[in-house]
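Asks: Chains as they are written, first to last, in our numbering: chain A, 3 to 277; chain B, 196 to 419.
The reader is advised that the hints may include incorrect statements.
[Claimed, not checked] Listed next, the stretches of chain B that the computed footprint assigns to chain A, with coverage defined by at least 3 CB atoms under 8 Å from CB atoms of chain A:
| # | stretch |
| --- | --- |
| 1 | 350 to 363 |
| 2 | 373 to 387 |
| 3 | 403 to 410 |
FYI, nobody ran anything at the bench for these hints, they're computed from the structure. Cβ coordinates follow ideal geometry from the N, Cα and C atoms, glycine included.
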Amino acid sequence: MGTAGLGIRQALLGLAAFLFLIDLYLIFQYAPTASEALGLQVQRIFYFHVPSALLGMISFAVAAFASVVYLAKSNSPGHRGAKAATPESRPARFSIMRVAILILFPGVRIWLALRRVEKRQWDRIAWASAEVGTVFFTVAIGTGAIWAKPLWQTWWVWDVNGTLTFMLWLVFIGYLIVRSYAPTVERGSRWAAVVAIFGAAAVPFVYMAADWWEGLHTERITGPGASGSMQSEIFVTFMFSLVTFLVLFIALVAERTAQRGVEESIEELRREVSA
Amino acid sequence: MKSYLRSAVAVYAKDMRLEARTKETFSAVLAFAVIVAFVFGFAFDPSPTVVALVGPGIVWVAYVFTGILGMNRTFAVERDRGTLEGLLLAPVGREAIYAGKLASTTTIMLVVEVLLYPVFLVLFELNLFNIWFVLITIAATVGFSAVGTLFSAIAAHTRAREILLPLLFLPIVLPVIIGAVASTSAALAGDGWGGVGKWLQFIVAFDLVFLVLSSWAFDFVLEE
């Protein structure tokens with residue numbers, strides 16, 4: 003890693019900043035003021051709240067997926083060595099079939115590209131995604147509370163989305179803390195991967211439990227975002243906001259992943275020097 | 196399969212023998228549980244109407260807290276005495292060690308939980324001697340220890356084991372806590388399978404998923 007892809011990363015950050023300027027204009031100038039039921043001006047926080055909550059969920063999916071791949075690529079004691087012997091870079095044989103498959107199914111191409119990503123890199127991606135995801139979840143919870151107070155006269159509603167967001171936020175915090183307490187980087191990576199996978203496995207259970215619980219204790223409040231038809235200006239602004247947050251997410255994760263790579267090579271050099 | 200079972204039973208028997216001789220974990224956890232129940236008596240007005248409302252909640256908060264305390268010791272004891280390395284060097288599968296540890300943790304927790312039934316009856320007039328509640332206790336305790344045994348193996352290797360275990364453990368077992376509290380309310384209100392069944396199946400499904408997941412992940416957690 004290191005300086006590889008520096009240009010792309012800088013371009014991504016620049017693009018995110020540029021998109022954010024347009025997004026702010028759309029949110030505060032272009033989008034119409036919402037009806038009183040949605041909280042008038044306060045409703046504009048929706049363009050921050052929903053994208054950051056969605057990106058938080060996506061970051062969790064990324065972290066969990068990267069963790070699964072990382073653990074799958076670590077040699078478990080049983081078949082250590084057996085895996086290392088697998089030739090990673092076999093010369094690709096040219097055939098019509100192969101080319102046709104690659105052109106017809108972009109998924110295969112992505113799959114082949116992903117297979118070439120090395121083990122440590124998956125761990126760095128998971129870590130970066132968890133860090134960025136924690137920030138997005140924090141924003142989502144904060145903005146949610148600010149929006150809920152004028153709308154429902156309460157800071158917090160125990161609905162499914164709120165419970166799930168809060169739970170995943172806590173799992174991410176545990177994820178980051180377990181790394182910092184681990185005696186070695188390698189163990190921290192493995193432990194954190196297990197935590198992420200456990201969190202992902204618990205998601206459907208939390209979803210169901212919170213759903214049933216809500217049915218038992220409170221009458222359901224449908225969020226304004228869920229109300230059937232959206233005005234086209236609101237829809238456009240929302241989608242633009244979502245894309246902006248997505249680009250920001252990718253830029254931050256790419257940056258953080260690269261930083262981890264640099265940190266690790268510095269650590270390696272330091273060890274070499276002291277040895 | 197047979198050797199797997201035999202090794203798991205051996206680990207379980209070792210833990211049980213140790214516990215029977217020292218009663219270290221058991222006595223500390225039981226005392227803590229009684230104190231938690233006692234303190235709850237002052238946290239709110241323990242009149243029958245209030246107890247009917249918050250009773251299931253305090254029972255499960257007490258169980259979860261004592262569970263964390265007990266599970267923290269599962270691997271901490273091995274680590275402090277330096278016997279963990281010996282256990283890991285034994286020529287048995289890690290899954291067998293996990294299964295044995297899981298069984299011993301579950302046993303200790305279940306014994307403490309059942310001993311708390313009369314305590315809740317005396318302090319809060321909360322009658323937990325109810326077949327549905329017994330089933331809920333067993334199902335939820337298995338779920339707690341399935342997750343907790345794994346995370347206690349992580350926490351035991353760190354400086355901050357007392358903080359780390361609840362931090363990792365509680366968000367993951369949140370669905371079990373929700374299910375246990377909701378089904379306990381139903382069971383104590385006198386609903387039969389109609390009110391309890393849905394939640395009980397839910398908790399058992401959680402148990403199964405996390406038993407499989409934990410025995411798979413255990414290998415990665417303990418690898419040096």
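Asks: Count residues of the stretch 350 to 363 of chain B with a Cβ under 8 Å from any Cβ of chain A, then say if the count reaches three.
Replies: That given contact holds, which follows from 7 residues of the stretch 350 to 363 of chain B lying within Cβ reach (below 8 Å) of chain A.
Asks: Under 8 Å between beta-carbons, do enough residues of the stretch 403 to 410 of chain B, three at least, approach chain A for the coverage claim to hold?
Replies: Since 3 is at least three, the answer is holds.
Asks: Establish whether the coverage given for the stretch 373 to 387 of chain B by chain A is satisfied; the threshold is a Cβ-Cβ distance below 8 Å, and no fewer than three residues must meet it.
Replies: Three-residue rule met by the stretch 373 to 387 of chain B, so holds; n is 3.
Violated hints for the displayed structure: none, as all numbered hints are satisfied.
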